[in-house]
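Quick mapping for you: the protein sequence lines, in order, are chains A and B. Residue 8 in the numbering used here is what sits at position 8 of the first sequence, and the numbering runs on without skipping anything. Residue 341 in the numbering used here is what sits at position 341 of the second sequence, and the numbering runs on without skipping anything.
Heads up, a few of these hints could be off.
Chain B is faced by these chain A residues, among others (derived, beta-carbon under 7 Å) [to be verified]:
{"no.": "1", "residue": "6"}
{"no.": "2", "residue": "51"}
{"no.": "3", "residue": "53"}
The set of hints was computed from the structure by calculation and includes no laboratory data. Yeah, the Cβ is synthetic: ideal placement off N, Cα and C, and Gly gets one too.
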Amino acid sequence: MILKTLVAQLISRPATNRFPVKYMPKSVTRFLAQVQEGKAKIHPPVPVPPKFRGKIAYDREKCIGCQLCIRVCPAKVIEFKPEVKKIRMYVARCTFCAQCVDACPVDALSLSPDFLLASTDRLAPELIVE
Amino acid sequence: MSARNPKDNDPVLPAVEERVVERELVGAEAALGETFAVPIGPIHPALKEPIRLTFRVRGERIVGVDIRTGFAHRGIEFMGMRQGRNLIQILYLAERICGICSVSHPIAFTQAVERAAGIEVPPRAQYIRVIISELERIHSHLLWAGVAAHELGFDTLLHLTWRVREKVLDVLEELSGNRIDYAIPIFGGVRRDIAPEQYPKVWEAIRYYRGLLEQLLDAFLRDPTVEARTRGVGVLEPKEAEELCAVGPTARASGLRKDVRQDRPYLAYPDFQVRAITPEDYGLTPVGDVYDKIVVRLLEVEQSLNIIEQALENMPEGEITSFPKIPALLAYLKKAEGEGLGWHEAPRGEVIHYVRLAAGEESLLVWKVKAPTYSNLLSWYPMFEDQEIADIPIIAASIDPCICCMDRVYLVRGGKEEVWPKEKLLKLSWEKTRRMQR
Chain A
1 MILKTLVAQL ISRPATNRFP VKYMPKSVTR FLAQVQEGKA KIHPPVPVPP
51 KFRGKIAYDR EKCIGCQLCI RVCPAKVIEF KPEVKKIRMY VARCTFCAQC
101 VDACPVDALS LSPDFLLAST DRLAPELIVE
Chain B
1 MSARNPKDND PVLPAVEERV VERELVGAEA ALGETFAVPI GPIHPALKEP
51 IRLTFRVRGE RIVGVDIRTG FAHRGIEFMG MRQGRNLIQI LYLAERICGI
101 CSVSHPIAFT QAVERAAGIE VPPRAQYIRV IISELERIHS HLLWAGVAAH
151 ELGFDTLLHL TWRVREKVLD VLEELSGNRI DYAIPIFGGV RRDIAPEQYP
201 KVWEAIRYYR GLLEQLLDAF LRDPTVEART RGVGVLEPKE AEELCAVGPT
251 ARASGLRKDV RQDRPYLAYP DFQVRAITPE DYGLTPVGDV YDKIVVRLLE
301 VEQSLNIIEQ ALENMPEGEI TSFPKIPALL AYLKKAEGEG LGWHEAPRGE
351 VIHYVRLAAG EESLLVWKVK APTYSNLLSW YPMFEDQEIA DIPIIAASID
401 PCICCMDRVY LVRGGKEEVW PKEKLLKLSW EKTRRMQR
């Protein structure tokens with residue numbers, strides 16, 4: 001019984017997702033440049049499901065400034081800019097419920113598959129969508 | 001550890017209510033004779049959430065316990081009632097009462113609001129709610145089984161169980177877009193439909209768990225280590241379970257056939273003929289110990305698989321919500337008036353939400369939440385009685401406590417904690433009822 005499990009463990013793949021590379025390269029920037037040129041290969045990231053709720057995406061052109069998203073947002077992520085009648089979103093507060101996406105009458109809001117949002121600064125430019 | 005007499009007016013060590021077990025002392029215990037107090041918490045490495053347990057021990061044996069709660073009160077109901085949120089915003093607040101039961105609270109809350117406002121839920125939406133909540137039950141029970149194995153010091157089993165659990169989280173992510181806090185129910189329906197191309201993923205997960213179930217039962221129930229650590233530990237007699245109003249798997253492990261899905265079916269549950277599971281279904285006489293709680297939870301994983309299978313097969317077609325447009329829903333809820341009660345069998349037991357709506361108001365007038373741990377906490381008293389110190393973690397974990405969900409009120413006045421006895425609370429509730437009747 002133990003032997004069977006042991007052999008199975010030897011040939012089965014690990015349960016966790018693989019790292020992009022097996023060993024840490026000496027220089028990450030040079031390695032990334034090599035990947036860009038096609039000289040080196042990395043394990044591709046695990047794809048997210050199609051309905052994944054990641055960082056919110058905003059189509060500025062479509063927005064009509066109706067403020068419905070502000071009314072339904074539970075985390076007060078969205079701020080209205082009255083001078084241009086558009087919105088600004090602080091993603092650091094977002095709870096990814098996507099209620100604003102459902103509420104938007106003109107489909108100006110959508111959810112991207114982008115989930116790497118960790119930052120030390122809550123007001124970092126990549127965490128503000130406008 | 002402290003050898004001080006706990007009855008001195010010491011704020012750290014409160015007076016422990018004497019529930020000393022009358023038992024003849026033998027050997028070293030007789031030599032020890034007197035009891036002393038072991039305080040655990042509110043902050044302690046073995047605790048996941050803040051709670052204070054003060055044990056009275058004689059030697060290695062627990063002779064009494066005092067439980068103090070209220071260290072993680074978050075004021076969620078207050079935030080919902082007083083801070084100018086509308087009902088849609090409060091729905092996501094309700095979802096965050098518990099991270100594990102993150103669809104149970106919204107299901108109970110939406111039901112309460114739907115009953116108050118008279119909203120019908122389309123059949124397909126009811127089925128989707130059932131599927132998501134049963135998937136959640138699988139994930140919660142497997143999580144608990146892993147935690148139980150960890151509390152026993154059997155970490156191999158913890159990793160094994162949690163690896164198996166990943167599959168159901170993947171399915172939930174596939175169906176809802178989030179691994180936890182799925183944001184699926186909304187008043188009058190659900191927010192995401194299950195598309196035809198998603199069915200195979202769910203079926204695949206069901207097959208995966210069906211294939212693994214026997215292995216899981218084998219790893220937990222036929223393991224001498226697990227049996228030695230859980231058999232006869234933390235016993236909750238059926239009579240005590242009934243008297244203390246235990247709910248969920250805690251009550252069912254003691255042999256009570258008590259399940260909200262069976263006793264008061266709601267949503268699409270009448271279609272599935274749910275029957276509460278007790279250890280008898282596994283061919284055992286219910287004892288009410290930790291072993292029985294493992295049996296019940298693992299069998300409920302199978303029950304959930306059956307329910308999901310039936311739901312997928314008989315899924316009705318049609319609308320998923322009776323309010324496709326959010327502004328219409330908000331306007332309807334603003335006009336609604338009345339009171340409603342919503343209930344759901346969460347993985348840990350029965351959860352109840354009570355709401356009262358007022359016409360012309362977007363927010364709630366009254367919101368009351370009863371999380372399952374609130375009912376189960378009292379069963380700790382008989383369970384800890386006459387047990388060993390080393391078994392405290394597994395006994396505490398056996399009711400699957402969720403302290404944050406349960407902490408509903410905590411009174412601090414002038415920097416001092418206040419304790420209100422039962423008589424005062426009763427008087428206050430009479431006064432409040434009279435006030436509300438006016």
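Verification of the supplied hints:
no.	hint	in the structure
1	6	violated (13 Å)
2	51	holds (4 Å)
3	53	holds (4 Å)
Checked against the numbered hints given earlier, this structure breaks only hint 1.
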